[in-house]
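Using the working numbering, read the sequence shown as starting at 1 and increasing by one per residue.
Mixed in with the good hints there might be a few duds.
Restricting the straight-line Cα-Cα distance to at most 30 Å, the calculated cross-link-like pairs of lysine-lysine (BS3-like) are [to be verified]:
(1) K117 to K145
(2) K150 to K109
(3) K156 to K145
(4) K117 to K150
These are computed hints drawn from the structure, not numbers from a lab.
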Amino acid sequence: FVFPGRSCYPLSPPANGEEDEDDQLRVILSVLGKLDKYDRSFLSTKTEQEYVEDLMGDMSRIDFRNEFPETSKDLVGLVGTMLQFNPYFRKTASIMLQCPYFDSVRDKKMEEPAPFKVEFPFDEPGMFNYETGKQGSMVDIKDIKRRLRKEESLIKGMDLLSKK
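Take the sequences, apply the hints, and build the full model.
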């Protein structure tokens, strides 16, 4: 399922104006198949809605049990749950980690919520314009690296404290 993703119309139409078989939405829909109105409910413009409807055609969802018959049913279930087109319907990482697939490696005694939320400057309001698909304010990579190092040292410090 790896693809170069040169375009993702209507956010980033191909430069030459031609249809692109590697269009990200085309590839995603070839896996997910035809979407119902709830799956498409987050599409905000008529252009987006029409484009997705045109791409879907009569596509069928891939049956991962048939594609990967030697894979455990828990892993197939996990992958199926993760592949959700509508971002508002996607499960959180903490919910996904509760899936039966992880039961063999789960240690409830080690599960503690982080004492703080990791925040990145590029997640702040106005950093990305979803209407135009363009970045808002410039993100300072050095600032991001500085923040990541600070977060990393805090996490390492917490880890050392928990081992005492």
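Cross-check of the supplied hints:
| no. | hint | in the structure |
| --- | --- | --- |
| 1 | K117 to K145 | 17 Å, holds |
| 2 | K150 to K109 | 26 Å, holds |
| 3 | K156 to K145 | 16 Å, holds |
| 4 | K117 to K150 | 13 Å, holds |
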